[in-house]
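Peer 1: Listed below, chain by chain, are the residues.
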Amino acid sequence: MAKLETRGLHFSYTAEKKVLNGIDLILEGPPTAIVGQNGAGKTTFVKVLKGLLRPSKGSVYFNGEDIKDQTVAQLSRHIGLIFQNPNDQIFKNRVLDEVMFGPSNIGASRDDARDQAMAALERLGLEDEADANPYDLSLSERKLIAVASILAMDPDVLIFDEPTMGQDFEGKDLLKQIIREEHARGKLILCILHDMDFAADVFDRTIVFNQGNVLLDGPTREVFSQKDILESAFLEQPSPTQIARVLGLDGCYLTDAELIAALKN
Amino acid sequence: MGAMTLYVKQRSPVHSMDPLTKILYVIVSIAVTYILRELWAIAAMTAVTFLLLVIGKVFRKIIPVLGLSLLLIVSIIVVQGFFNPENETVLFELGFLTFYEEGMRAAALFTLRILNMIGSFGVLILTTKPDDLVESLIKRGFSPRFGYILLSVLQLIPQMSATMGKITDAQRSRGMETDGNLWVRTKAFFPLIVPVVLNSLNETRERAIALEVRGFSSKGKRTFLNVTEDYPYRHVIRGVLLAVLIGAIVWRVWT
Numbered sequence: 107m108a109k110l111e112t113r114g115l116h117f118s119y120t121a122e123k124k125v126l127n128g129i130d131l132i133l134e135g136p137p138t139a140i141v142g143q144n145g146a147g148k149t150t151f152v153k154v155l156k157g158l159l160r161p162s163k164g165s166v167y168f169n170g171e172d173i174k175d176q177t178v179a180q181l182s183r184h185i186g187l188i189f190q191n192p193n194d195q196i197f198k199n200r201v202l203d204e205v206m207f208g209p210s211n212i213g214a215s216r217d218d219a220r221d222q223a224m225a226a227l228e229r230l231g232l233e234d235e236a237d238a239n240p241y242d243l244s245l246s247e248r249k250l251i252a253v254a255s256i257l258a259m260d261p262d263v264l265i266f267d268e269p270t271m272g273q274d275f276e277g278k279d280l281l282k283q284i285i286r287e288e289h290a291r292g293k294l295i296l297c298i299l300h301d302m303d304f305a306a307d308v309f310d311r312t313i314v315f316n317q318g319n320v321l322l323d324g325p326t327r328e329v330f331s332q333k334d335i336l337e338s339a340f341l342e343q344p345s346p347t348q349i350a351r352v353l354g355l356d357g358c359y360l361t362d363a364e365l366i367a368a369l370k371n
Numbered sequence: 022m023g024a025m026t027l028y029v030k031q032r033s034p035v036h037s038m039d040p041l042t043k044i045l046y047v048i049v050s051i052a053v054t055y056i057l058r059e060l061w062a063i064a065a066m067t068a069v070t071f072l073l074l075v076i077g078k079v080f081r082k083i084i085p086v087l088g089l090s091l092l093l094i095v096s097i098i099v100v101q102g103f104f105n106p107e108n109e110t111v112l113f114e115l116g117f118l119t120f121y122e123e124g125m126r127a128a129a130l131f132t133l134r135i136l137n138m139i140g141s142f143g144v145l146i147l148t149t150k151p152d153d154l155v156e157s158l159i160k161r162g163f164s165p166r167f168g169y170i171l172l173s174v175l176q177l178i179p180q181m182s183a184t185m186g187k188i189t190d191a192q193r194s195r196g197m198e199t200d201g202n203l204w205v206r207t208k209a210f211f212p213l214i215v216p217v218v219l220n221s222l223n224e225t226r227e228r229a230i231a232l233e234v235r236g237f238s239s240k241g242k243r244t245f246l247n248v249t250e251d252y253p254y255r256h257v258i259r260g261v262l263l264a265v266l267i268g269a270i271v272w273r274v275w276t
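In order, the protein sequences belong to chains A and B. Heads up, my numbering is the position in the first sequence plus 106, with the first residue counted as 1. Heads up, my numbering is the position in the second sequence plus 21, with the first residue counted as 1.
Among the hints, a few may not be true.
Sample of chain A residues at the chain B side, in silico, Cβ under 8 Å [claimed, not checked]:
| id | residue |
| --- | --- |
| 1 | 156 |
| 2 | 187 |
| 3 | 259 |
Hint data in this document are derived by calculation from the structure and do not stem from the laboratory. Glycine included, C-beta positions come from ideal geometry on N, C-alpha and C.
Could you build all of it, start to finish, from the sequences and the hints given here?
Peer 2: Listed below in structure tokens is the structure:
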């Protein structure tokens, strides 16, 4: 089981503005959502976890080992980060080649890389597009290609940055399924989200970032029941929770199904 | 995440100068260094330019650019110092290398001209918000298309380097090494350059559409978002600049 730990993590781009203000977190086990308003430090935090940014103070430990001596490329076999904008990575003119790039980089043979890439594309329902040019596909499909290109590398930790943006219901369902499957295979899943409904639906643990600090951290239901603290970080509760409150129901409802079941009683 | 410009936000007398006056300064100071051949005059002009950079609190930003031009300057000194056809007087000898006075004089001339040119463009670009610059040009009757081209050129470099940073991150995250020997770097070239080019083509198209839906090529009379600021002493400064230019021409013709 993969484990990431941060101790006293500080980071700033410029001397005046601190982006991360001493983050102490142990990340292991359940799929974890990271939420917070824009500029709260979420993306910076995951970039530090991935070694793309080096902390100004404090350390990151992967399975107990400080990551500071490893290059990003070396870390990539253990920690996979899926970026928000797929256009920042796509450079091949065939979907399959694009997805094979990652596994080839970390030492897979050509045949293995192709098998892993095809398997990843199948899981995302893109096997028929393997020979297509990525730029002929829609943005949401390209986002899924970016997901496939990391899945094909089979890292121990999967970090998603805003995967649901621009995805329709079907796309979100697919992501949910991928996250559950990868968790079942013992992977650590972290996910930056603005979509509270998706966070409530899929993740067991939720961390709220606010101005470079961890404001709340705990089981998703507990976190989302704290309306006042969430509002102080300019966040809303998930819609089922809000609807239940307006209807005068007690308790915190995270999904449509829970709310409907409660209403039927 | 900084704004996508080379402009350095500061409060200084140079910042509050009229953009058109600064453009005039660029033209005059470069012209003067080419019209005159006296080393002391060119040195004085260059000194003024660098004084303006210091007053504008942007001197540190120009240093990397000067560093880049160092190679050019060194090669000028070497070529002129050794091979200038007028070389006669030996200035000094360094081991088996002989430097001649005439060549060194020519080299100093060229070097100062280059430094002044870089410096004066620095005064303009580092202390003027691109929007203000372009708006004041359009107000003076330049075509908005010209303004747009100027603005995109000013934004190109910072924008490219920002995109490049993001793309490098994305490819390193997929296990691509970007640091190392020549072969490693050559291999890394395509995965980096293809998205940069595709993204910039895409962005250009998107931006063209965005401009068009906001009436960029409409024919009517335009109004401006910002009120024209009243710049103190701008006529005096412009007068002085023009006087310097005319003085330099007169000096060159008469002596």
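Peer 1: State the violated hints by number, sorted upward, taking the hints as numbered earlier in the document.
Peer 2: none
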